[in-house]
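**Student:** Sequence:
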Amino acid sequence: MTTRKQWSEFDRLIILGLYCELPFGKFHRHHPRILEVAHKLGRSPSSVAMKLSNFASLDPVITGSGRKGLAGASQADRKLWLDFSEHPSEIMPKIASALESLNNVTLDDPEIIDLDNYRGETATTTIQRRKSQNLFRKAVLSAYDNQCCITGISDSRFLVASHIKPWAEDVHNRLNPRNGLCLSTFFDRAFDIGLITFSEEYALIVSSELEKQQSNDHIRETFLERSGTAIELPRKFSPSADFLRWHRESLFIP
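In the working numbering, the protein residues as written are 165 to 418.
So the derived label-pair ranges between C-beta atoms look like this: (1) D381 - H192: 43 to 49 Å; (2) L199 - E375: 49 to 55 Å; (3) H251 - A367: 29 to 35 Å; (4) E333 - P196: 35 to 41 Å; (5) P418 - A235: 45 to 51 Å; (6) P330 - H251: 17 to 23 Å; (7) S363 - G236: 35 to 41 Å; (8) L397 - S210: 28 to 34 Å; (9) E333 - A367: 20 to 26 Å; (10) H203 - A367: 43 to 49 Å.
If you are wondering where the hints come from, they were derived from the structure by calculation, not from laboratory data. Idealized CB from N, CA, C, for every residue including glycine.
Using the sequences provided together with the hints, build the complete structure.
**Tutor:** This is the structure:
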């Protein structure tokens with residue numbers, strides 16, 4: 165009789181990392197990344213896909229939309245998900261380290277992060293934070309199916325995992341996927357400096373600073389004509405209402 169291979173904490177971190185990387189619709193046993201991870205973990209692709217769906221059953225965005233994931237998540241799965249949800253700054257680095265160990269490669273961050281944010285840290289700590297930031301980017305972009313939630317642009321070279329509460333403002337939620345929006349570079353910059361924000365209904369709100377520039381065709385077509393339009397909501401990791409409220413009240417220029 166074949167003994168079922170138990171899931172270790174390392175295995176769970178890897179699968180949760182996959183959950184961050186892949187859009188919900190890609191949780192199937194034929195996906196190349198799932199095949200790769202299954203081979204490296206010594207597991208079947210079906211078991212990896214099933215564990216992904218176990219985590220999906222714990223995601224309130226998934227279950228709240230009528231999707232169910234796969235019942236049967238273990239107590240260890242539930243504990244890791246709870247820790248991930250409540251302490252992302254602690255769990256995301258563990259996931260990033262596990263993925264790097266599995267892949268045996270360096271996880272370079274494609275986005276440039278202001279090095280001032282790392283003052284006082286050792287080189288090792290800085291590198292670890294960059295790995296975690298790269299995982300944050302993957303988690304946010306995959307949640308929005310790798311498309312800008314305003315324009316629908318899907319070229320990853322133009323997409324940014326934009327922090328709702330800035331990196332320097334909230335240490336605890338720097339790596340929380342719910343503190344992110346997938347925006348194209350132009351909208352990311354406008355969001356970052358408070359020229360746009362979003363309502364409780366996730367509709368675009370444009371600053372009076374931009375409204376004053378109605379004579380500028382580019383400003384009018386890019387921002388003003390989209391004012392009041394709701395964003396495309398993610399399929400997982402919904403943006404936190406508390407973080408969006410903070411942005412409206414503390415950063416946005418009315």
